[in-house]
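Dock chain F against chain L, hints included.
So the protein sequences, as listed, match chains L and F. Read in order, the letters of the first sequence are residues 1 to 339 in the working numbering. Read in order, the letters of the second sequence are residues 340 to 655 in the working numbering.
Worth flagging that the hints you see were computed from the coordinates, not collected in a lab. Every value quoted in this text rests on a predicted model; they were computed, and no experiment measured them.
With a straight-line cut-off of 35 Å between C-alpha atoms, the simulated DSBU-like cross-links for lysine-lysine are:
#	chain 1	residue 1	chain 2	residue 2
1	L	138	L	209
2	F	418	F	453
3	L	209	F	628
4	F	628	L	275
5	F	599	L	275
6	F	599	F	628
7	F	628	F	601
8	F	530	L	275
9	F	530	F	599
10	L	275	L	209
11	F	599	L	209
12	L	209	F	601
13	F	530	F	453
14	F	530	F	418
15	L	209	L	32
16	F	530	F	601
17	L	275	F	601
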Amino acid sequence: MTERAPKPCDSSVVLRVRDLRTHFFTNEGVVKAVDGVDFEIRRGEILGIVGESGSGKSVTGLSLMRLVASPPGRIVSGQIEFGGRDLVEASTTEMQDIRGRRMSMIFQDPLTSLNPVLRIGYQVGEVFRYHLGLSRSKALHRAVDMLRATEIPSPDRRAQSYPYELSGGMRQRAMIAMALACEPELLIADEPTTALDVTVQAQVLELMKTICRERQTALLLITHDMGVVAHMCDRVAVMYAGKIVEYTDVHTLFARPAHPYTAGLLRSLPRLGAKLRRLASLEGQPPRLTRLPAGCAFAPRCPRAQDRCREVAPDLTRLGNGHQFRCHFPLENDKEPQA
Amino acid sequence: MTPLLEVRNLHKYYPVGRNSRLKAVDDVSLSIQPGEVLGLVGESGCGKTTLGRVILSLQPATSGEVVFDGIDVLSLQGKDLRRLRRRMQIVFQDPYSSFNPRMTIGAALSFPMKVQGMHRGNEEERAVELLNRVGLDGSVLNRYPHEFSGGQLQRIGIARALTLDSDFIVADEPVSALDVSIQSQVLNLFKDLQEELNLTYLFISHDLGVVEFISDRVAVLYMGRLAEIAPTEDLFGDPRHPYTQSLLAAVLHPDPTLEKSKPSMAIEGEISTPIDPPPGCRFYGRCPKRMDICRVQDPPMVSIGPRHSAACWLHA
Chain L
1 MTERAPKPCD
11 SSVVLRVRDL
21 RTHFFTNEGV
31 VKAVDGVDFE
41 IRRGEILGIV
51 GESGSGKSVT
61 GLSLMRLVAS
71 PPGRIVSGQI
81 EFGGRDLVEA
91 STTEMQDIRG
101 RRMSMIFQDP
111 LTSLNPVLRI
121 GYQVGEVFRY
131 HLGLSRSKAL
141 HRAVDMLRAT
151 EIPSPDRRAQ
161 SYPYELSGGM
171 RQRAMIAMAL
181 ACEPELLIAD
191 EPTTALDVTV
201 QAQVLELMKT
211 ICRERQTALL
221 LITHDMGVVA
231 HMCDRVAVMY
241 AGKIVEYTDV
251 HTLFARPAHP
261 YTAGLLRSLP
271 RLGAKLRRLA
281 SLEGQPPRLT
291 RLPAGCAFAP
301 RCPRAQDRCR
311 EVAPDLTRLG
321 NGHQFRCHFP
331 LENDKEPQA
Chain F
340 MTPLLEVRNL
350 HKYYPVGRNS
360 RLKAVDDVSL
370 SIQPGEVLGL
380 VGESGCGKTT
390 LGRVILSLQP
400 ATSGEVVFDG
410 IDVLSLQGKD
420 LRRLRRRMQI
430 VFQDPYSSFN
440 PRMTIGAALS
450 FPMKVQGMHR
460 GNEEERAVEL
470 LNRVGLDGSV
480 LNRYPHEFSG
490 GQLQRIGIAR
500 ALTLDSDFIV
510 ADEPVSALDV
520 SIQSQVLNLF
530 KDLQEELNLT
540 YLFISHDLGV
550 VEFISDRVAV
560 LYMGRLAEIA
570 PTEDLFGDPR
580 HPYTQSLLAA
590 VLHPDPTLEK
600 SKPSMAIEGE
610 ISTPIDPPPG
620 CRFYGRCPKR
630 MDICRVQDPP
640 MVSIGPRHSA
650 ACWLHA
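With the rest of the complex left out, here is chain L (with noise of 0.2 Å):
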């Protein structure tokens, strides 16, 4: 059963986006990177964007900064509703006021995103003031008062570190402190933990939900490891060539996926403990964006496939408990309740 839920104006919504369109004009074609993506994320709500390299997820959260380097890239179509207005429309001048106060980013490698000839309690600073315009000096002080909040053991010293005196944990614990300097609303973090050991991957996310939810602030988290979204994330957007193809609550989608790329996804995980002889795995390798074929983009790898998914592309089936999914044929894992 099909249906449009009717969405209350919910208050609480941080962001919304709307058929977000980001495509890159290349010399092979134009790779259609984000076509067509929804959702929106509460106050206080972790997000997660999974799917794999080449899914989108990661230009997902760069279109949201308007960080998208153009040429070749163009956000071409849809809305990023946040704080009121439209930030497709925003100018450079609203778009820097809103970056690092109201919306900050952190990347999978702290190592390439802090300066490596400036301390860190300089480049911590800096967010007070450009955007407090506070003195050099009160802008130490609170950068050390943030490297304290994220834990960093002896913050005064270290704020007088240079990135590469730091350890891996440490330089993403630094990025995170610099992200919520001034309490953004929204905190989008890309793949935040992939480059760090296991031992720290579960200090550093420990750290990342804390914070997010004494201060409630909005958490975008995109990764590939469904480990972490198990952890971390209440709602899931799972992409593939650009589209979201499920949406759901993080219970249902690994209890009731109901889109084949889930359910492959889920099942061709080594598990501890699961002990067994061979992985299920998805055959096949995914699209070529610049390439994709007619009709729905995983029907190549997809064992439920049938002439109408090779033809036609699915649209978007939505059920009337939020679970959000884009498929001709769904697994029956969860069925509309009868009423």
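Below, chain F without anything else, positioned relative to chain L:
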């Protein structure tokens, strides 16, 4: 059974500055039976890659012994070493940087055979046979590495490691650079080949799920030292070293009900660089169960059960 590979008291130190040494591999002993898969896990910088490379004599050891099928690997040079290389091969993490971008796949696969004078005149035939075995066909011979996806190129990397009919393969994080859906395909391939050809692997990975799937036994490395080694079931079911326990507790399971209910198990601190490490257990600073003796004296490797050993004073 005599082990295929035996590593005895292996050390690999790198000089750092004037008087310091980085102890990348510090007194490691282990053995691998023919046809066995030994998983090697640990965090970045723990020495797992160095250990693999020293075993293959790609880097000289500081001291210690590596015995492969009765041959003392570290004493070999020149022609003898080249001869041994037929039997020991490696698959790297990043397939794009382990292929010459200007060599076709056909040339890359024939090259080892030409160097070793094997399958003379039939190199191409042999290459196609191997490509078929890893799920590709002969049409790729004239193509270049950049034309392939990471998963396809890693399959070719595996084919290359098999060109010389080797029986021992060091696989150094061979699926870490691959997407999740591709990872499982390549892992299955590793397992199938191992069973069909009775290969012996040293399978290096930081991913505990991957290691559990592929390995018969698992060794845990921490700052150049072996912390624990045990059959896979025992290591995952009954880990005895506090580091192994912390590592397993930090793994995130793809199961939200489990994940959201479990308490935070994060241990403090991070692995540090083993430059002139102080005496005592390498894990002392982070260990939730540390005792006084751990700070002053190195824990010995003690046997806990059949083929299960751990280097920890709790069990000494």
